[in-house]
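One line per chain: the protein sequences are A and B, in this order. In this text, residue positions in the first sequence follow the working numbering: the first is 216, and each later residue adds one. In this text, residue positions in the second sequence follow the working numbering: the first is 323, and each later residue adds one.
Treat the hints as calculated values from the structure; they're not laboratory data. Glycine included, C-beta positions come from ideal geometry on N, C-alpha and C. Treat the hints with care, as some may be off.
[To be verified] Only part of the chain B face toward chain A is listed, based on derived beta-carbon distances under 10 Å:
#	residue
1	508
2	666
3	671
4	672
[What the hints assert, rightly or not] The following label-pair restraints were derived from C-beta to C-beta distances:
#	chain 1	residue 1	chain 2	residue 2	range
5	A	523	B	429	22 to 32 Å
6	A	302	B	637	49 to 59 Å
7	B	517	A	519	28 to 38 Å
8	B	686	A	332	30 to 40 Å
9	B	685	A	376	48 to 58 Å
10	B	783	A	476	38 to 48 Å
11	B	697	A	476	26 to 36 Å
12	B	513	A	523	45 to 55 Å
13	A	505	B	697	47 to 57 Å
14	B	419	A	523	46 to 56 Å
15	B	412	A	519	27 to 37 Å
16	A	519	B	405	51 to 61 Å
17	A	322	B	686	25 to 35 Å
18	A	510	B	438	43 to 53 Å
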Amino acid sequence: MRDLLRRILVMREAGVLAALILIMLFFGFFTSTFFTATNLTNVLRQSAVLGIMTMAVTFLIISGEFDLSIGSTFALSAVMATVMMESGVPMILSFLLALVLSAIVGFLNGVIVTKLKIPSFIATLGTMMIIRSAVLVASERRPRVLGDRGLVACVFGSGELFGAIPVPIVWLLGVVVISWIVLAKTPFGYKVYATGGNIQAARLSGISTDRVKITNFMLTSFAAGLAGLISLCFLRMVAPVQGGGYELEAIAATVIGGTALGGGVGSIFGAFIGAFMLAIIKNGLVLMGTNPYLQKGVLGFVILIAVVVNLRLGAARRGGRPLDFLRRFRKTGRGGSEDPPASPS
Amino acid sequence: MSSPRDSHVLVYEDIDKSFGGVHALKGVSFEVQSGEVHGLVGENGAGKSTLVKVTGGVYRPDVGRIVLDGQVVTFHGPRDSESEGIRIVHQEVPICLNLTVAENIFLDPSPPKRGLLLDRRQMNRRSVALLKRLGVKLDPRRSVGLCSPAERQLILIAKALAENARFVILDEATSSLSDAEVQILFEVMRNLKKHGTTFMFVSHRLNEVAAICDRITVLRNGEYIGTYEDTDPEFLTGKIVGKELENVVRKERGSHHAAKVVLDVDRVTQEQAGLSDISFQLCEGEVLGLAGLRGAGRTELLETLFGLRRRQRGTLSLDAKRTNVRAPRDAIRHGIGFLTESRNEALYYTHSVRSNIASVIIDRLTRYGLIHGRRCSQLARTHVDDLQIATPSIHTEVRSLSGGNQQKVLLARWLAAGPRILLLDEPTRGVDVGAKNEIRKRILDLASQGVSIIYVSLDFEELVQVCDRVLIISQGKLIDELLDEDLTVRNIVRKINALERERVSIHVGQETGDGLDV
Numbered sequence: 216m217r218d219l220l221r222r223i224l225v226m227r228e229a230g231v232l233a234a235l236i237l238i239m240l241f242f243g244f245f246t247s248t249f250f251t252a253t254n255l256t257n258v259l260r261q262s263a264v265l266g267i268m269t270m271a272v273t274f275l276i277i278s279g280e281f282d283l284s285i286g287s288t289f290a291l292s293a294v295m296a297t298v299m300m301e302s303g304v305p306m307i308l309s310f311l312l313a314l315v316l317s318a319i320v321g322f323l324n325g326v327i328v329t330k331l332k333i334p335s336f337i338a339t340l341g342t343m344m345i346i347r348s349a350v351l352v353a354s355e356r357r358p359r360v361l362g363d364r365g366l367v368a369c370v371f372g373s374g375e376l377f378g379a380i381p382v383p384i385v386w387l388l389g390v391v392v393i394s395w396i397v398l399a400k401t402p403f404g405y406k407v408y409a410t411g412g413n414i415q416a417a418r419l420s421g422i423s424t425d426r427v428k429i430t431n432f433m434l435t436s437f438a439a440g441l442a443g444l445i446s447l448c449f450l451r452m453v454a455p456v457q458g459g460g461y462e463l464e465a466i467a468a469t470v471i472g473g474t475a476l477g478g479g480v481g482s483i484f485g486a487f488i489g490a491f492m493l494a495i496i497k498n499g500l501v502l503m504g505t506n507p508y509l510q511k512g513v514l515g516f517v518i519l520i521a522v523v524v525n526l527r528l529g530a531a532r533r534g535g536r537p538l539d540f541l542r543r544f545r546k547t548g549r550g551g552s553e554d555p556p557a558s559p560s
Numbered sequence: 323m324s325s326p327r328d329s330h331v332l333v334y335e336d337i338d339k340s341f342g343g344v345h346a347l348k349g350v351s352f353e354v355q356s357g358e359v360h361g362l363v364g365e366n367g368a369g370k371s372t373l374v375k376v377t378g379g380v381y382r383p384d385v386g387r388i389v390l391d392g393q394v395v396t397f398h399g400p401r402d403s404e405s406e407g408i409r410i411v412h413q414e415v416p417i418c419l420n421l422t423v424a425e426n427i428f429l430d431p432s433p434p435k436r437g438l439l440l441d442r443r444q445m446n447r448r449s450v451a452l453l454k455r456l457g458v459k460l461d462p463r464r465s466v467g468l469c470s471p472a473e474r475q476l477i478l479i480a481k482a483l484a485e486n487a488r489f490v491i492l493d494e495a496t497s498s499l500s501d502a503e504v505q506i507l508f509e510v511m512r513n514l515k516k517h518g519t520t521f522m523f524v525s526h527r528l529n530e531v532a533a534i535c536d537r538i539t540v541l542r543n544g545e546y547i548g549t550y551e552d553t554d555p556e557f558l559t560g561k562i563v564g565k566e567l568e569n570v571v572r573k574e575r576g577s578h579h580a581a582k583v584v585l586d587v588d589r590v591t592q593e594q595a596g597l598s599d600i601s602f603q604l605c606e607g608e609v610l611g612l613a614g615l616r617g618a619g620r621t622e623l624l625e626t627l628f629g630l631r632r633r634q635r636g637t638l639s640l641d642a643k644r645t646n647v648r649a650p651r652d653a654i655r656h657g658i659g660f661l662t663e664s665r666n667e668a669l670y671y672t673h674s675v676r677s678n679i680a681s682v683i684i685d686r687l688t689r690y691g692l693i694h695g696r697r698c699s700q701l702a703r704t705h706v707d708d709l710q711i712a713t714p715s716i717h718t719e720v721r722s723l724s725g726g727n728q729q730k731v732l733l734a735r736w737l738a739a740g741p742r743i744l745l746l747d748e749p750t751r752g753v754d755v756g757a758k759n760e761i762r763k764r765i766l767d768l769a770s771q772g773v774s775i776i777y778v779s780l781d782f783e784e785l786v787q788v789c790d791r792v793l794i795i796s797q798g799k800l801i802d803e804l805l806d807e808d809l810t811v812r813n814i815v816r817k818i819n820a821l822e823r824e825r826v827s828i829h830v831g832q833e834t835g836d837g838l839d840v
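Construct the entire structure; sequences and hints are all you get.
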């Protein structure tokens, strides 16, 4: 029992998982509809678009960069797909081209950041505005509607697996599983952690850090493009201003899940919980009938609390001062370390 | 304990400190006398840093007390310690490179002001006066970024004086200085000693401790071993380690004239690093030393060979084949490894020992494209056992290991890669005596297995002990070669001194060049 407790406590995601459970219990207690299969499916479906982007953003943040342009890329992909279809390109082809276009955007972001050595905050702030502008021009400032209801639309968003599970959920879970395997189990994932953990060390170990970062920028934009298409198929339309704000929500979800903004630390599981938590809170507040203007504020509080708790738990895991009682669960000997691991400041 | 005599500035009485399960200091008691340079030595983990931090008010002792000038003092934080005139100069110099010398000196004590504005003229004037007390001529308006490491160290001491320090602790303050620079620092310390400043000198370098200290206190495993006036390094080593040291078995200094040339460096020039026309050959199984002062181009040369710097001219040939090394990746592919001087640059502190060891060959530790966890663990365990890395487990984050063990982890990383050529930059810097010997021994083992090694160190004794041949580098040029019976510390020092004498930019009252002979 004690061992189990210890293992859960030293898990990086322990804090956010506990918080998620508490929040779900809270909404379950105060609303009668929260814990129904329909509602939970609904929440998961709503979290799909953000969740898919969050997975890729997690890669990017762990490697030490971030991307403010994904909200714009999201809209770009959906709008360009509809524009191409209207000019007679087959649906499947226009979807593929939209995804390629998204990946190219990511490639450019990556090259600007790594080769021109511009901080990603500035670089992607610039591309965010440029792409949004392009979307507004291409869409002629009006919402684009997806008329097609064929197989492609079905596969990308409007269908339901076994007649019960909305397709976006399948996409989300697929992306989560693949991301988890790649990040935790492959040499590429290792290099992502190494690049963000200590970029000089990574270079000295023979890792091409620029290539790692560019790949992550491409993954991120690709995921944004994919999310855009899924949203397009599900909602059957896209507004040219859609997607604004996703970039920050994805960062928030990642950070809630325990990823350090400085890079090198984080996990897919945590980020998934983070994205799910954001969806739960939005959903729960609606069910409780709270003033919709309060939603953002509540989310803000959750983000701040999550970051503080993660930092504290992180310090405790390393044997620091906060929550000193946790030390009893750790089997540390005298590791011959001159400085005790705690670094009081 | 009875009240201390007047000559004791600082008395430690039964200082005891634990961190969780780690008992860092076990009832340490000793006295530091007024106006002496008091050495503090011990292996990593002996408790030196903890004691320094207790003195500096960073930690509070669990048991015991500090008596300062006959009065018991309790420090609630660094501020309290500072207000009693205690100053600590650390290994890593906390200095703002963008500011001038004077601005750094007055960073902490509030700078002189005229109304709301800074009084720069007075600041500069007072800085000059302070530096003069140290016997140092430095322009107070100079940007610290342009100063040498020794000058920065001296600026910190000047800063301590500006705050009226009477008890200065130098915590590994010389580890980034060259011998000539250390001599300058010592000259300054001797000057200040005459004026009544008391020093505590914490260092791994026993030669330096012997040269500057009046009395030396030895700590081992958090226990006080004794305070000695005998400064003989061999004697101290015995006390520090507590057992007879296994001497490094020096293999016969090999003659590699007949051996196969593994690396041929031909007229390599790298302008940013100031390297020009570097040519030499490295043979199979040879340990080639590279001696020179800081800034002479030693590290830069290794970085160029490893592909971290792009060379403008010249060629590298491996096994008589022209090779293009454009990035570390290429170097690694050709079997070159590089142990950097700075551990910060090379370690993933938040990652496990296992992950750090596997980092170079992670692509090879896979099955079906996925990382093979068991093989990573096996690899890590083998090396942890082999190098006797003291770690609770292979999953421990490396940041909680001591410096010597971190260094061994880095060495293990390259051993795991199985290199043919290993570039070592200060592989034993800031490492305790025991680990130092183990690392040296392991390196000699490698050489005897046919690995070729380039060895950079400021510890010339170490070079003489380990190397088959030593090249002297100065101002980016290779200027001499020492081998066979010519390879002695005295000769290395002489060669370097002859070239560097006119370059030492800080002028101290007397000629310090001859003091270099160890």
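Right, here's what the structure says about each hint:
1. 508: Hint violated; residue 508(B) Cβ to chain A Cβ min 25 Å, cut 10 Å.
2. 666: holds, 8 Å
3. 671: holds, 7 Å
4. 672: holds, 6 Å
5. 523(A) to 429(B): 22 to 32 Å: holds, 31 Å
6. 302(A) to 637(B): 49 to 59 Å: Hint holds: Cβ distance 56 Å, inside 49 to 59 Å.
7. 517(B) to 519(A): 28 to 38 Å: violated, 53 Å
8. 686(B) to 332(A): 30 to 40 Å: For residue 686(B) and residue 332(A) the Cβ distance comes to about 31 Å; the hint holds.
9. 685(B) to 376(A): 48 to 58 Å: violated, 37 Å
10. 783(B) to 476(A): 38 to 48 Å: holds, 46 Å
11. 697(B) to 476(A): 26 to 36 Å: This hint holds: roughly 33 Å between Cβ atoms.
12. 513(B) to 523(A): 45 to 55 Å: Because 50 Å falls inside the window, the suggested range holds.
13. 505(A) to 697(B): 47 to 57 Å: holds, 53 Å
14. 419(B) to 523(A): 46 to 56 Å: violated, 33 Å
15. 412(B) to 519(A): 27 to 37 Å: holds, 34 Å
16. 519(A) to 405(B): 51 to 61 Å: violated, 37 Å
17. 322(A) to 686(B): 25 to 35 Å: Cβ of residue 322(A) to Cβ of residue 686(B): about 29 Å, so the range 25 to 35 Å holds.
18. 510(A) to 438(B): 43 to 53 Å: holds, 47 Å
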